[in-house]
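> Please model the complete structure; the sequences and the hints are all you need to start from.
One letter stands for each residue in the lines below.
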Amino acid sequence: MTKTYISRHPLEGRIPLEPGIRAVDHLEVPRRQAIVTVMAADGEDTAVAAVLATMSEPSLRCVGPGEWLVVSQSETPEGLQRSLALVLAETAYVLDQSDGRIVLRLSGPNVRRILAKGVAIDLHPSVFGLGAASNLLCGHVNVNLARTGENEFELIVMRSLAESLFDDLRLMGREFDLSADFSG
Amino acid sequence: MRYSAFSIVKNALSGNLDWKPAWRQPEPKPFYDVIIVGGGGHGLATAYYLAKEFGLKNIAVLEKGYLGSGNVGRNTTIVRSNYMLPGNEPFYEFSMKLWEGLEQDLNYNAMLSQRGVINLYHNNSQRDAYIRRGNAMWMEGVAAELLDRAALKKMLPFLNFDHARFPILGGLLQKRGGTARHDAVAWGYARAADRLGVDLIQNCEVTGIRRENGAVTGVETSKGFIGCGKMGLAAAGNTSRVGQMADLKLPIESHVLQAFVTEGLKPVIDHVITYGAGHFYISQSDKGGLVFGGEIDGYNSYAQRGNLATVEHVMEEGVSMIPGLSRVRVLRSWGGVMDMSMDGSPIISHTPIGNLYLNGGWCYGGFKATPASGWCFAHLIAKDETHPVARFLRLDRFARGYAIDERGAGPQPNLH
Amino acid sequence: MASLIHCPHCGVRPSQEFSIRGDASVVRPAPEASDEAWHEYVHIRSNPHGRHREHWQHVAGCRRGLVVERDTFTHDVFSVTDGAAVAREGGR
Amino acid sequence: MTAYRLASGGVIDRSSTLSFKFDGRAMKGHPGDTLASALLANDQLLVGRSFKYHRPRGIVTAGPSEPNALVTIGEGAATDPNTKATVAELYAGLDARSQNRWPSLKHDIGALNGLLSPFLSAGFYYKTFMWPAAFWEKVYEPLIRRAAGLGRTVLEHDPHSYEKCWAHCDLLVVGAGPTGLMAALTAGRAGLRVILADEDFRLGGSLLAETTRIDHRPAMDFAEACLAELRALPHVTIMPRTTVFGWYDDNVFGAVERVQKHVVAPQAKLPVERLWRIVAKRALLATGAEERPLVFGGNDRPGVMMAGAMRTYANRFGVAAGRSVAIFTNGSAGYGTASDLAAHEIEVAAIIDSRDAPLDAAPAGVRVIPSASVIDTRGRQRVCGLVVERAGFEETIACDAIGMSGGWNPVIHLACQRGAKAVWSPELSTFLAPDLGSGLVVAGSAAGRYSLGGCLEDGAERAARIAADLGFSTASNPLPAVGEEVDPSFTALWYSPGAKAKAFVDFQNDVHVKDLGLALREGFGHVEHAKRYTTTGMATDQGKLSAINATGLLAGMQGISPADVGTTTFRPFYTPVAFGALAGTSRDEHAAPVRKSPLYGWAEKNGAAFVDSGLWYRPAFFARHGEKTWRDSTDREVVNVRQHVGLCDVSTLGKIEIFGPDAAEFLNRLYCNPFLKLPVGKARYGLMLREDGIAYDDGTTSRLSPQHFVMTTTTALAGGVMSHLEYCAQVVWPELKVRFCSSTDQWAQMAIAGPKSRLVLQALVEDDVSDAAFPFLSAAVVTLKGGLNARLFRISFSGELAYELAVPAGLGEAVADAIMEEGRGHGICAYGLEALNVLRIEKGHVTHAEFDGRVTPDDAGFGRMVSAQKTDFIGKRLSTRYGLTAADRMQMVGLKPVETDQHIRAGAHLLREGAKASTLNDQGYVSSACYSPTLGHDIALAFLKSGRERYGERVVVWDKLSGGDTVAEICHPVFVDPGNTRLKV
Ligand SMILES: Cc1cc2nc3c(=O)[nH]c(=O)nc-3n(C[C@H](O)[C@H](O)[C@H](O)COP(=O)(O)OP(=O)(O)OC[C@H]3O[C@@H](n4cnc5c(N)ncnc54)[C@H](O)[C@@H]3O)c2cc1C
Ligand SMILES: NC(=O)c1ccc[n+]([C@@H]2O[C@H](COP(=O)([O-])OP(=O)(O)OC[C@H]3O[C@@H](n4cnc5c(N)ncnc54)[C@H](O)[C@@H]3O)[C@@H](O)[C@H]2O)c1
Ligand SMILES: Cc1cc2nc3c(=O)[nH]c(=O)nc-3n(C[C@H](O)[C@H](O)[C@H](O)COP(=O)(O)O)c2cc1C
Ligand SMILES: [Zn+2]
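Protein chains in written order, with the numbering used here: chain A, 1 to 184; chain B, 185 to 600; chain C, 601 to 692; chain D, 693 to 1677.
None of these hints come from the bench; they were simulated from the model. Treat the hints loosely; a few may be bogus.
Said to hold, decoys possible - Stretch by stretch, here's where chain B covers chain D in the computed footprint (C-beta under 8 Å, at least three residues):
#1 845 to 853
#2 1215 to 1221
#3 1261 to 1273
Unchecked claim - Derived DSSO-like pairs: lysine-lysine, alpha-carbon spacing no greater than 30 Å straight-line:
#4 D:K1637 - D:K1652
#5 D:K1562 - B:K281
#6 D:K1297 - A:K3
#7 B:K450 - D:K744
#8 D:K1637 - D:K1374
#9 B:K450 - D:K713
#10 D:K1192 - B:K204
#11 D:K1652 - B:K359
#12 A:K3 - D:K1374
#13 B:K194 - D:K1608
#14 B:K433 - D:K1568
#15 D:K830 - B:K359
#16 B:K281 - D:K1113
#17 B:K204 - D:K744
#18 B:K194 - D:K744
#19 B:K359 - D:K1608
#20 D:K1113 - B:K407
#21 D:K1637 - D:K1588
#22 B:K337 - D:K830
#23 D:K1477 - A:K3
#24 D:K1568 - D:K1637
#25 D:K1374 - D:K1568
#26 D:K1562 - B:K194
#27 B:K337 - D:K1637
#28 D:K830 - B:K450
#29 D:K1652 - B:K338
#30 B:K338 - D:K1608
#31 D:K798 - B:K450
#32 D:K1652 - B:K337
#33 B:K281 - D:K1608
#34 D:K713 - D:K744
#35 D:K830 - B:K338
All values derive from a computational prediction rather than experimental measurement. The C-beta atom is built at its ideal place from N, Cα and C for all residues, glycine as well.
Quick look at the structure:
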């Protein structure tokens, strides 16, 4: 018996399959992407950081000292893991998290006000600028938050908590009629 | 002056001008047979029982602030004897029995209110732990009841039965548990001790402990040196600070716990209720305020105040347990500094230092222990031997592997 | 402290993101150290009024163990350092 | 227009009317009114009854310090008791009711208490209600409780919602009076990020009641101009209706915004209240000063009001507090009020001044009585006059309202919340905030500057200094010009001598001067004792009006300075805050996040009943048609696993990936059993201890490559174990090269257990899973047919031939479906936590029911696992302590009822047969129990003193809580397949 297994997104029960009307403030949920944890081996933090900085497509999310999440829209999980393992060779440990993490992209003129309902850090661009990323609490849920645009942020959350975070974000955004859809 | 129906009427008719001070304001004598450091519930009770039960005469209680300014005057007033472990249950039940006769004994109304303490459970393993605890209580002859959801719903219809994140399955009830008026306990003991000749010396901070040949001979205080035959340490949250003055090494950390009271309301909550899916407990004072508390702030602190994160956390749990609290307004929050021991259980013990006796490690549960603590500590100091119900509460239990760990959380004070 | 902590890796964060692991001045004794030393390591705390060093972990952030030096009465923070760095220097 | 609404003036919108109700009576007001101003306008001065004596009480203030005018607003589940009418914004449809009265506000039975007042003196209940002892519980306490409280709460499910926010700024300005406005403007112009918060719905503070002109225009217009400019500044946020209630560590302020408390029907998409945590680099307190009441005989009669409040009602709301007003003052402020009232053509009956030779000018034609004292008031539910005493002569003056002005108290509440004590100022006769360092600065009247010009200047100056401190440069703007004004001076008057009636200090709690005297006499003279003994300052207003007078009186009675008496401790909340606001959205099902397994959907499809386990929802059992109870389903699932095969979701177990050259060494130090030589491709059961030698957590850890392990933890302790690992690696052994990462969420993990599990699995997996190729405790990466990579472990919790298969989480459901489909022919079933529990009890496997934080490995029968070879591991050293190795420790045993139809419940205790139940005789307890469908009777795991020596003996399983006891036989704790033959086929 040979099987192909079909993947399921944890928000399938929350987001209608048909796209809805998009409000100015919007929560976009990419269906699939590759996410890999990279942990520098002992003493290799700077070397790894340097290599990662040279990579082109994928985006880099700082997690903590010597630890990153590497996110790619175009590569497959296996592909990303393989290419990272190759370039980082002995200097880092690479672990696929593509199924364990979910990405939520929040954009629109009111995103800062929406996020301030859950996130304690100062989201002013002079403090948390473009490209900044960090692990933090959004309400009671751990996320990795990144600023991906002036009015755009990405949240990466553990799969098991994706529904809770999604519900929280909807509640935080209800004042602005935040809309939500899958993408990709 | 004894309080009686007669004295009340007589005074009322004469404009309440003849009432005498509840206690004297004595200057310290140069020497006392026993000095108790700490004019909180435990210190005052100890002095009282030393004089009353053990016949000692020359006793002083030294208090750095005003009487009752410590935790006895800032706790959530819950009184119960529903413990699980044999090191604790007999002791707390001894205390409960003393509570039950306290007012007549002291001639002071401490407003003991045996309205019932209910601990809620939310899953099977919690239920099993409560069954174990309830049976341990019965072993000591203490009545306990396991309530199921239906019984609870009848008794406490306002609990969150319909929308709970952690459904309420039932509860463990100790009917004899309840509350007592915190301040009145301190004042009642103080007045009764004073009447037996105990010197209660306020605004007298102990700043040093004088020792000769490894034994205590007296204390330095903000009012000068005072000699003593024996010294009983009952400084609650400040136990380590005073202990350090005699190089006493203690398994104690001081942590801050906040408590809260709401605006006065007509009676709505008739029991003491504790949440099982978090850490929240509530009762209603006889004045109408809902008195409640929750988790400790979690860091070492000697500041009698906490922080907003904990406040929010406590409120979240309160509203999860009783949704109707949502519109009730919280009037005041405050903090107390508690002596958290490394197993969450108290210490009434000899120490390696001669003439120095220790009463501490009460964590956030020592109010209910006040009478028994005073009694057993007095017993220890007067007779130099441990009272049977306090025999497990020794200081050396940690080194020897006899921790009394009700929560099973291990040697981490912040988890108790 | 207690409202905000300045994590050396992540910046200023609310205390909700941290969990505390207790006194940082105690050092795990060598296996062959005395019973007394082991007992003290696990149970005895100096519990000072004033300057105190504690381990806090930034659990919802970088997950590093930090050594926070602060005042237990005023709650003022004097320094926050990476725990491993402190440990490596033997200052643990 | 009503009798008390002035013809003109005020910042109310007279062009529209709002209808509202008080005690069922229809009334009208205007936008801009508070409930109190509207009630006054409708001649409703009497609004409530006091706590103890049920005395009729009227409105006293025009702000948040109101002790008397507490009403219940709203209906049903949306009821708000104890709401201050003086700050409640009026809206159409508002429905307010008075409190603490029966049957009505005018006729209240409780007022009889007043007759008993000699018996109800301070502290009375401590002296009474003791005879006979039994009466307390049955008679006295119920009586006292009935009298408790003011308003009535309904404790119903709140229909409204709340939320929380964070905000950040360079400067938080608390209070938008002249001081705060100037401060915000100065800082805002300099480019600081400013938040200006004010609790009022209309900003301007005292400017709204001010008649002095600023920059040649009315003060209100000046306030509007400031606000307009502030609104235009990009970095300034203005927050009306926002009370800053607390100052916490690190300059974090708690504030609550009333978003929709002033509407009948709140919009669903907005909260009614919003909690703000404001992280401020600096903060400026511009909270103004509170007028001090005077303590004189009959001072609580409705119609006695703060003079400044009368001024506010007239100037801001266009409402007259009375038709003929007498002013009792000890300073110039009373004269200011008098002239403002006169300007509104309100008659001023007299100014009674306690000072000997006041220099202040009274409005034309108004009589001033100096060196005088008010000793009583006349009237019942509204004053109709007062009695003045001067030089031994008494005179009654007719009036229908009395304004009292006793001086000023800076509002320093927030500044004193963090331990610093207020400092007595002899010059100002008041307490001022102490020096607080740079984080919080006090300005304007809150700092004791009472002149308007002084406030404007102070706000601007202090804000400029803060801006400079933070590195901003400020342009110097000219200060607004202020018309003529008098800086109010006064001579402190704590008690107006000669009172002929009760002179109240704390109105709400009915504390009068004699109560304080009694407290002092009885030894409760310390200000904190006096507070507690008399309850002064403990009501809903927290002594905003009363505390200072209590201090002054205690000082006066002892002949000492108020400095020596001091204040009681200031604590949050500045004004009471609703639970809901502090809880935000965390309530009901939303109280804590939910974690869902990747197999949640699969379980749901298969009929799972879920149970929460930490944050997770896990399947408890899978009911099939015809099964009535959880037991029916569980029994079937257990039997099915033992006979055929079952599938169980174990995704929630913690999974930690451990990497590094020292990973093996690290694990070896972490676990009490050896791990150094675990071969690649193998799993091993590991037991972790706490440093005190007690069992902490257990699970299997597998070696996937020389430098890569994957550890499983229990669901409950997944987070704790991860932190424990990190702590050990970073702090305890920083020299070890090891890194961790949780992969719990990456994998859907399934236990496939039962004699037919291999058949089912082999059909899906490319690799050989036979016993020879993949023996017990193997661990490897395998390929599913179709090419999917998965992790496979041969481990078993059930005691049957079993595997755990982990696939990427997204594919979990599809793979589980495939296994079920493949297994159908072999009789596969889904099984849940309940069955898992039975299976493991039958095998004597422990969980946290056994490892409850007090149990050593040896207690649980793992003594031999603890390595004696290793020099060190966490918990080694303390595990040999006397108490942890004593012979009479409780050890884990099995129990089976002697009569097999008898039951055993977890939590029961154990007694020797014939022994009396007592703590001393207590032999142990049952940790886990279940019905074993395999054996056909109940079985249990228990901890029993010296248990392992006692197999075959009988004990009484004592469950007093259920009312029953059972005799059981003590046995080995493995009930099924003790030789592990089924596991290793
Ligand atoms: C918020 C809170 C809620 C609580 N809730 C409960 C509850 O519901 N039920 C319960 O049973 N327990 C509760 N507790 C615990 C209980 O209050 C304490 O365990 C108990 O009061 C401690 O004993 P005490 O009364 O002697 O302490 P305290 O009243 O603190 O007495 C110690 C005294 O020693 C004095 N002192 C300290 N150092 C010196 C010195 N150097 N010189 C002179 N005097 C000194 C202090 O000023 C203080 O007055 C709670 C505690 C807190 C803080
Ligand atoms: N007439 C007199 O005798 C007399 C006496 C004293 C002061 N004053 C006058 O009063 C004015 C004082 O000005 P000011 O600006 O210092 O104070 P203010 O009273 O004008 O303003 C204080 C503001 O702070 C707000 N506030 C207070 N506590 C708050 C909190 N915790 N959260 C949010 N908001 C809060 C109030 O709502 C108010 O709007 C001056 O004009 C002064 O001349 C007059
Ligand atoms: C059981 C109990 C009930 C209380 N009720 C009130 C109350 O009704 N009003 C009030 O202002 N404070 C009340 N308090 C709090 C005290 O005012 C005070 O804050 C507390 O005892 C701590 O003291 P401190 O704030 O002076 O440090 C209560 C305290 C306790 C322990
Ligand atoms: Zn960090």
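> Need the status of pair K337 of chain B, K830 of chain D: alpha-carbon distance at most 30 Å?
Given pair K337 of chain B, K830 of chain D holds - Cα atoms ~24 Å apart, limit 30 Å.
> With the threshold set at 30 Å, check whether the alpha-carbon distance from K830 of chain D to K338 of chain B stays at or below it.
With a Cα-Cα distance of about 22 Å, the restraint between K830 of chain D and K338 of chain B holds, given a limit of 30 Å.
> Run the distance test for K1637 of chain D versus K1374 of chain D: straight-line Cα separation, threshold 30 Å.
Violated. K1637 of chain D to K1374 of chain D sits at ~37 Å, over the 30 Å cutoff.
> For K830 of chain D and K359 of chain B, compute the direct alpha-carbon distance and say whether it is at most 30 Å.
holds (15 Å)
> Mind checking the alpha carbons of K798 of chain D and K450 of chain B for me, to see if they're no more than 30 Å apart?
holds (20 Å)
> Between the alpha carbons of K1637 of chain D and K1588 of chain D, is the straight-line distance 30 Å or under?
holds (17 Å)
> If you draw a straight line from the CA of K1113 of chain D to the CA of K407 of chain B, is it 30 Å or shorter?
Status holds; Cα separation ~23 Å.
> Check the hint pairing K1477 of chain D with K3 of chain A against an upper bound of 30 Å on the C-alpha distance.
holds (6 Å)
> Keeping to a limit of 30 Å between CA atoms, is the pair of K1297 of chain D and K3 of chain A held or broken?
It holds: about 20 Å lies between the C-alpha atoms, which stays within 30 Å.
> Straight-line Cα separation of K194 of chain B and K744 of chain D no greater than 30 Å?
holds (22 Å)
> Between K337 of chain B and K1637 of chain D, does the CA-CA distance stay at or below 30 Å?
violated (39 Å)
> Hint check: K713 of chain D vs K744 of chain D, CA-CA at most 30 Å. Holds or violated?
Cα-Cα ~27 Å, so holds.
In the structure shown, a violation is registered for the earlier hints numbered 5, 8, 13, 16, 26, 27, 30, in ascending order.
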